[in-house]
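Colleague: Read off the chains here:
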Amino acid sequence: LAKTTQPISMDSYEGQEVNITCSHNNIATNDYITWYQQFPSQGPRFIIQGYKTKVTNEVASLFIPADRKSSTLSLPRVSLSDTAVYYCLVGDMRGSSNTGKLIFGQGTTLQVKP
Amino acid sequence: NAGVTQTPKFQVLKTGQSMTLQCAQDMNHNSMYWYRQDPGMGLRLIYYSASEGTTDKGEVPNGYNVSRLNKREFSLRLESAAPSQTSVYFCASILTGGFSGELFFGEGSRLTVL
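Quick mapping for you: the protein sequence lines, in order, are chains A and B.
Yeah, the first sequence ends on 114 if you go by this note's numbering, and it's all consecutive.
Yeah, the second sequence ends on 228 if you go by this note's numbering, and it's all consecutive.
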């Protein structure tokens with residue numbers, strides 16, 4: 001099981017770019033890296049997923065170096081509504097028959113200030 | 115399209131009482147998961163089911179039992195509730211071999227054990 005390590009908390013200001021890094025030193029060949037966002041009293045919500053290099057969608061970018069032992073979630077121009085907990089999840093998310101245990105790390109609490 | 119539905123949304127129990135949390139998904143997903151989240155903490159895996167008829171322990175299975183009733187439904191039972199089981203419980207599901215590899219969550223069931 002790939003264990004993940006993230007900073008416990010981060011602060012930012014509206015309009016800034018925020019980068020949250022996750023370490024996953026024992027990532028396996030079939031593992032994907034997925035980031036989730038969670039607001040208070042809600043279930044986590046999918047943000048972005050990648051296997052290697054860079055992935056971009058309408059809300060974020062995900063940077064994965066060649067050795068895949070870490071990843072960085074980039075949120076461009078954050079707003080107050082981006083204040084949430086962000087989780088990095090590493091696992092065989094696209095396993096053909098069994099995704100196995102999907103273990104979350106402790107997450108990063110992002111506080112965006114005006 | 116309801117996604118992942120959990121019932122009940124709120125429950126208060128007395129120590130020693132039993133109850134079952136219900137989870138159903140309508141996305142034809144193979145794998146289903148139960149997590150608990152204590153106040154200010156991350157998600158911890160209780161049990162998961164890779165497919166109908168199979169279940170496996172997660173990080174914190176003690177005090178819980180599960181049943182994968184059919185492909186749609188995955189229930190979590192507390193046989194003798196304890197105050198330490200006061201938490202928010204999230205059910206999640208994922209399609210194995212799927213292109214998206216996205217874990218979908220329910221809105222949570224908030225359990226208080228007195």
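To be clear, the hints were calculated from the coordinates, so they are not data collected in a lab.
Some hints could be false.
[Stated by the list, open to error] Calculated cross-link-like contacts (lysine to aspartate or glutamate; reagent style DMTMM-like; alpha-carbon spacing at most 25 Å):
(1) K113/A with E216/B
(2) K3/A with E216/B
(3) K101/A with D152/B
(4) K185/B with D67/A
(5) K3/A with E14/A
[What the hints assert, rightly or not] One-sided excerpt, in silico: chain A residues whose CB lies under 10 Å from chain B:
(6) A66
(7) S70
(8) G107
All values derive from a computational prediction rather than experimental measurement.
Ideal placement from N, C-alpha and C gives every residue a C-beta, glycine not left out.
Colleague: Using Cβ atoms only, decide whether A66/A comes closer than 10 Å to chain B, and label the hint accordingly.
Modeller: 21 Å, violated
Colleague: Checking one constraint from the list: CA of K113/A to CA of E216/B, max 25 Å. Satisfied?
Modeller: 30 Å, violated
Colleague: Does the structure keep K3/A and E14/A at a Cα separation of 25 Å or less?
Modeller: 31 Å, violated
Colleague: Per the CB criterion, is S70/A less than 10 Å away from chain B?
Modeller: 19 Å, violated
Colleague: Should the hint that G107/A touches chain B count as held when the rule is a Cβ pair under 10 Å?
Modeller: 5 Å, holds
Colleague: Decide if the proposed pair is consistent with the structure: K101/A and D152/B, CA atoms, cutoff 25 Å inclusive.
Modeller: 19 Å, holds
Colleague: Would you check the hint for K185/B and D67/A, treating anything up to 25 Å between C-alpha atoms as holding?
Modeller: The hint is violated at about 37 Å.
Colleague: Straight-line Cα separation of K3/A and E216/B no greater than 25 Å?
Modeller: 19 Å, holds
Hint check: violations occur at hints 1, 4, 5, 6, 7; the rest are consistent with the structure.
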